[in-house]
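Taken in sequence, the protein lines are chains Y and S.
Numbering follows our numbering, with no gaps: position 118 of the first sequence is 120.
Numbering follows our numbering, with no gaps: position 203 of the second sequence is 204.
Among the hints, a few may not be true.
[What the hints assert, rightly or not] So the derived label-pair ranges between C-beta atoms look like this:
no.	chain 1	residue 1	chain 2	residue 2	range
1	S	N210	Y	N105	57 to 67 Å
2	S	T24	Y	N105	52 to 62 Å
3	S	V216	Y	K194	30 to 40 Å
4	Y	K194	S	I102	51 to 61 Å
5	Y	T166	S	L69	50 to 60 Å
6	Y	T166	S	H30	38 to 48 Å
7	S	S143	Y	Q213	25 to 35 Å
8	Y	I127	S	G158	40 to 50 Å
[As the list claims (entries may be wrong)] Here are some chain S residues pointing at chain Y (derived, C-beta under 10 Å):
no.	residue
9	L44
10	F120
11	Y129
12	E167
13	V191
14	A207
FYI, nobody ran anything at the bench for these hints, they're computed from the structure.
Note that the structure is a prediction, hence the values are computed from the model and not measured.
Cβ coordinates follow ideal geometry from the N, Cα and C atoms, glycine included.
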Amino acid sequence: MSNLFNMVNINGKMLKTPSYIHFVKSAGYCSVQDQGRFGFADLGVPYSGAMDQFSYTLANKLLRNTEDSAVLEIAIAGPTMVFEMATRIVFTGAQADIFHNGNPIQLGQIISLNAEDEIMVGKIIRGQWLYMGIEGGLETPIFMESRSWYAGISTFSKIQKGDTVCYLSEEKFKGNTLSHPKLTSTWFEEEKINVYKGPEWESLPDRLKTQILFTAFEISRNSNRMGIQLEEFIPNQLDQLLTSPVYPGTVQLTPAGKLIVLMRDAQVTGGYPRIFQLSDDSVNIIAQKSFGQKVKFSIIDS
Amino acid sequence: MIEIRWPKEISDAILLEQLTWRTFLKKNHADRILEIRIGFNTLSILFDKNISITEWADLYNVLQNLELNQTILSQSIWKIPVCYGGEYGYDLENLSREKDISEKDLIQLHQAKTYRLHFYGFLPGFMYLGGLDPKLESPRKSIPDRNIPTGSVAIGGNQTGIYPMESPGGWHVIGRTPLRLFDVEGEEQVIPKQGDLIIFEEIDQADFNRIEQLVQHGQYQWKNA
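Just need the whole structure built from these sequences, with the hints factored in.
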């Protein structure tokens, strides 16, 4: 394994060493994400960022990273990775079988890695998005103030076999690896999704409003980082809009009667009526819902 | 989040009010506003925390009484060279037949107008332009194309626009520009600004190749009309 970088000593200060994670096996959908790319919606640039910001933030908190540190986001199934040099990592979010040099590890457990250690992540068993935080954050290039991968903005969009991703190795750890919280994924089992009324909610006839609020909507397979489509049909006669702003968490009702919950990579404008806006917490909860799970919308008064 | 809505139309008058209000909000309430977005007839304001109804009523009252200054609507006109028809504008022939307008006239109608850039959306660097000749209005394709090439100039509904990067899309592609509409590594990612004007100028294949070379070498200067 290449080890081009050695410890650098400048002015007597030990610097962190650039090291690489080598993806020896890729699987599922894996990308680098952070808080997102804000302030460029005027140019048509989506926010992007970790789908489940709650689990993302937790991973960085456990490692005492700065809050905008970049992490690895994993869907469907995880990769096998070899780390060039020592560091600390932690997994949060969805549940999967994860092995450190063949030994199973838990969500929320801070793992001290030595040079050449291997991490193998299996299939996601529960939830949708698994996060691997790393001490100091991933050091991938910044595009328009964020490290989040989004095709068209970042040079990369998805991890492939043979890829390498940079991090800064440090021998000493400032955190505590002895205790770790018992993380569960029950918080995202919540069926209730809290929403604010969207701009076009009031143009719906009462009959449809009632139907929407009493339906348990099923998450369809047609879901990705841009949006989550729901299965049930709500036939409607709503007028189309002149193109208007939309955000992650905006729920659109299409002329074909489908509800689409826009997610982190959603475009910044849209023409379908916007019936709801999810609360921040609910965006994270629905992000972790898998195909076939159900959600019910509940309006919160603002 | 607050959204202000104007009547359902695409007009300079609405854009003038939107830009005036946004300028005022950014100048006077920057500390509490995270983001302002503009649609054709909407302006949405993302506050850092919920704003009370009375607070909003006061602010809205101030906005409505702001004096409108015509100069906020830019008079900059940007020329966008387009090679129409053929391999680049693969839907031109069909569209010409459907609309019963000759290809030549259709290109002429598309070039004759000055378009207003209302905002960017859909994709990074995708311009929402007002001002398409009603004769060219044309419903979107019922089945979108899987891959519309970068630079494609297209018509959809009552709008025309340019795909800044390869993307699926349902608009009718009538030509292609060699210009780069979005440059992620550039000092400025986009050249035309919200409120600027756009015109299309027909070029042939030789011009297209020449300009494409200049763009690739970072030597192309956008032209004002």
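Now for the hints, and whether the structure bears them out:
1. S:N210 - Y:N105: 57 to 67 Å: At roughly 60 Å between Cβ atoms, Y:N105 and S:N210 fall inside 57 to 67 Å, so the hint holds.
2. S:T24 - Y:N105: 52 to 62 Å: For Y:N105 against S:T24, whose Cβ atoms are near 59 Å apart, the range 52 to 62 Å holds.
3. S:V216 - Y:K194: 30 to 40 Å: violated, 52 Å
4. Y:K194 - S:I102: 51 to 61 Å: Taking Cβ atoms as reference, Y:K194 and S:I102 lie about 54 Å apart, which means the hint holds.
5. Y:T166 - S:L69: 50 to 60 Å: holds, 55 Å
6. Y:T166 - S:H30: 38 to 48 Å: holds, 45 Å
7. S:S143 - Y:Q213: 25 to 35 Å: Given range 25 to 35 Å: holds, Cβ gap about 27 Å.
8. Y:I127 - S:G158: 40 to 50 Å: holds, 45 Å
9. L44: With a minimum Cβ separation of about 8 Å from chain Y (threshold 10 Å), the hint on S:L44 holds.
10. F120: For S:F120, the interface hint holds, since the closest Cβ of chain Y sits about 7 Å away, which is under 10 Å.
11. Y129: Holds, because the Cβ-Cβ distance from S:Y129 to chain Y comes to roughly 6 Å (cut-off 10 Å).
12. E167: holds, 9 Å
13. V191: Holds - the Cβ of S:V191 comes within 10 Å of chain Y, reaching about 6 Å at its closest.
14. A207: The hint is violated - S:A207 has no Cβ within 10 Å of chain Y, the shortest such distance being about 30 Å.
Of the numbered hints stated above, those contradicted by the structure are hints 3, 14, listed in ascending order.
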